[in-house]
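Those protein sequence lines, which keep their order, are chains A and B. Mapping of the first sequence onto the working numbering: position 17 corresponds to residue 17, and the numbering continues sequentially without gaps. Mapping of the second sequence onto the working numbering: position 287 corresponds to residue 287, and the numbering continues sequentially without gaps.
Honestly, the hints are just simulated from the structure, not real lab data. Remember, it's a predicted structure, so these values are computed and weren't measured experimentally. Among the hints, erroneous ones may be present.
[Unchecked claim] Calculated cross-link-like contacts (lysine to aspartate or glutamate; reagent style EDC-like; alpha-carbon spacing at most 20 Å): (1) B/Lys208 with A/Glu121; (2) B/Lys166 with B/Asp323; (3) B/Lys81 with B/Glu49; (4) A/Lys234 with B/Glu49; (5) A/Lys234 with A/Asp192; (6) A/Lys237 with B/Glu49; (7) A/Lys244 with A/Asp223; (8) A/Lys21 with A/Glu56; (9) A/Lys234 with B/Glu204; (10) B/Lys164 with B/Asp257; (11) A/Lys91 with B/Asp257; (12) A/Lys91 with B/Asp308; (13) A/Lys91 with A/Glu56; (14) A/Lys237 with B/Glu172; (15) A/Lys91 with B/Glu296.
[Said to hold, decoys possible] Here are a few chain A residues that face chain B, going by a calculated C-beta distance under 7 Å: (16) Arg94; (17) Gly126; (18) Asn127; (19) Ser130; (20) Thr235; (21) Ser238; (22) Arg242.
[Unchecked claim] Quick list of the computed label-pair ranges, beta carbon to beta carbon: (23) B/Glu204 with A/Glu22: 46 to 56 Å; (24) A/Arg188 with B/Ala130: 39 to 49 Å; (25) B/Ser188 with A/Glu125: 48 to 58 Å; (26) B/Glu312 with A/Glu217: 51 to 61 Å.
Note that CB positions come from ideal geometry on N, CA and C, so glycine has one too.
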Amino acid sequence: MDCRGDARFGSQGREGFVKMKEIPIAKVLYEEVCSEGAMGGEGVVEDRGFFACVNEHPIGVPLDRIFDEFKVNIGSAPDDVISANAVEMYKRFRLWLIPHFVSLIRKKGKAEPTAVGIEVEYLHEGNTVSTVALIPCAQFIEHGKFDASIGFSGEVEHRFGNDSGAPKAREFAGLKFVAHGGAGLCLRISADVITPYVAAIGKGSALCQWRFDKKNEALFGRDIETWSIVALHKTQKSLRYRAKFYFDSRVFILSRRTESDWVEVDCTLD
Amino acid sequence: MPKAEIDRLVREALRTDQLEQPTISVDSMVRDAVWGKPSKVEINRAARESFRRWAADNSTSSMELFTVYDQSIGSTIEFSKDTCNISASERAILEAGKPLTSSHPLSRRLRALPDGAFVLYKNPDMLQDAECMRRADKLAFSMAKAYPRVRILREPYTPDTGKKVKGVIDTEIDSANVVCITACDSFSVTQWRTIQNIKPALIELGLKADNFVEVRDGVRPSMRRERNQAVIVITGHINANLEKFIDSLGEAGVFSDNLVILNTCNQALTRKVVEKILDDYGAIGVFSFQGDAEGEIRASSIEEYLLDMANELRGKSKQNLYDLLKKVIMNKGLNGLWTVEEMRGLALKEGRVS
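Please model the entire structure based on the sequences and the hints provided.
So this is what it looks like as structure tokens:
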């Protein structure tokens, strides 16, 4: 049982299995340009063979736990690194790394997505949910040789409290954090992405979106992993959000979008 | 000289807003003083003595009225039957939140009423000069912080003083009595989502979900009317918008015969708002905070003390609100005072002013 996953009771299910939900991506926007428009028969729209597999109960990771791992102490940061206002903010809020994973699979049809996207809306019911960072986003993407090295990296902004005893690397929620020495501690995060062409918007709001445009490899039949860092009140114990998935495909010169219904996800803040 | 004329002379000399004038019982000293074209100084002295006698007459074994006069070298704290002088340096010690030595007359005096309350009333100087009032308020806040076991309140000036003070210091509450009211965006009251963010945690600690009320501008709040025990928690940045919000709640009768905790910074407008809640809208008492050197209190402190208060009330029978609130705010380094009905309210009720 212990090799089946992270067996924390009450978070991923009693035996640690991740509960996945399959969502059809079948709502064709502007159907009239996608088919012949016959008023009988099956009315096949080729794009209706895609599904998204979503983890309905992901687990968020507090950023301060990551800092603790690297022995970064926000409270001991010098004033020129973190202002009194920011310290006051940390008294009320915690930053959480929220994973948004989806597997896009094609069960039938021949349509090939030229782009896939995820839209996430945090259901905050009046309380504070503010997106601080989106991962990946365009500026994190690094092109390697021959466009083959597809990865991204981003710097965690806190650069203080270096400790020689700190570990060099740790993994949280599928993201790899690497410590760099020097005058301060600099954390770099890295992971694989399916394409170097990524657009991400939503910082400072409760709504965020990622869009991945096709480069060489197919955008389906694989996992699409995105994360956000959100500020939540420290008493908050879970974060509900709803997500929607879409893909764009092309028939001759016509680009069309097919999307899923919204699916609600309950993220445990562990 | 007719009594009415003497009253008029005293009022004129005090140069106060007519609405703030008490009808004082002018005793023989005042009469003597005003009989022969007295100077302003003489009238003030007479009025001060008159106020002191009033305070002595209205103090009881469980509630003693006191006031504060600024002197050039310190302050005089005038109790009903005696006075304590404190130097400027002793005042500074108190303002730092520290008590004077246990043998100091003030410390001894405050120990004399272990189960009762000391109540600051407005003296003639405070009525004339807002700065005198501000300094007296500051000293009262400081005494409350320096002597946490002593119950200190502000300004009742009515025949019901004892009853109202008792209403504040004897009230016992449980989780069901705490009502949190927030303003919808339409009021533009900034409150940093303090209540919204901790609402789930407060409910988990036992506060009733129905007792969180969001009020929209122009819409009469629909809430269960409680009396004599409900603790109405109002949180917001002190400005004209908060005042408008308070007016809306007051006109809907939300404050009537209830206890109100006003979670806002201590600015000049705060006192006006407190007086409104008491005098115009009939609250039994209003708790307001002293704040830091600039009179400010932080949203994080409010959240923490409210969570502590809910935690203290969790699963327990009724607890004394005065003592509970004092305990939880002091644990967070906060300080505040209860104010009960002001004399302006009495004057309005008695039809002496319109």
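Interface restraint verdict for arginine 94 of chain A against chain B (beta-carbon cut-off 7 Å)
Since chain B brings no Cβ nearer than about 12 Å to arginine 94 of chain A, farther than 7 Å, the hint is violated.
*20 Å Cα cutoff - pair lysine 234 of chain A, glutamate 49 of chain B*: 55 Å, violated
Given the proposed pairing of lysine 21 of chain A with glutamate 56 of chain A, does the C-alpha separation stay at or below 20 Å? 7 Å, holds
- prompt: Does serine 130 of chain A pass the interface hint, meaning its C-beta sits closer than 7 Å to a C-beta of chain B?
  reply: With a closest approach of 10 Å, the serine 130 of chain A hint is violated.
Between the alpha carbons of lysine 91 of chain A and aspartate 308 of chain B, is the straight-line distance 20 Å or under?
15 Å, holds
- Return holds or violated for the Cβ distance of serine 188 of chain B and glutamate 125 of chain A against the range 48 to 58 Å. Hint violated: Cβ distance 21 Å, outside 48 to 58 Å.
**Prompt:** Quick one, are lysine 81 of chain B and glutamate 49 of chain B close enough, alpha carbons at most 20 Å?
**Reply:** Answer holds: lysine 81 of chain B to glutamate 49 of chain B is near 11 Å, not above 20 Å.
Review point. How about asparagine 127 of chain A: closest beta carbon in chain B under 7 Å, or not?
Key: Cβ of asparagine 127 of chain A sits 5 Å from chain B, so the hint holds.
Exercise for the section: With a cut-off of 20 Å on the C-alpha distance, tell me whether lysine 164 of chain B and aspartate 257 of chain B pass. Expected result: 10 Å, holds
Less than 7 Å between beta-carbons is the criterion; does glycine 126 of chain A satisfy it with respect to chain B? Since the shortest Cβ distance to chain B is 4 Å, the answer is holds.
### Message
Just to be sure I understand the hint, the distance between the Cβ atoms of arginine 188 of chain A and alanine 130 of chain B should be within 39 to 49 Å; is that true here?
### Response
58 Å, violated
- Taken at face value, is the distance from the CA of glutamate 56 of chain A to the CA of lysine 91 of chain A at most 20 Å? Not OK: lysine 91 of chain A and glutamate 56 of chain A at ~30 Å, beyond 20 Å, violated.
Violated hints for the displayed structure, listed by number in ascending order: 1, 4, 5, 6, 11, 13, 14, 16, 19, 21, 22, 23, 24, 25.
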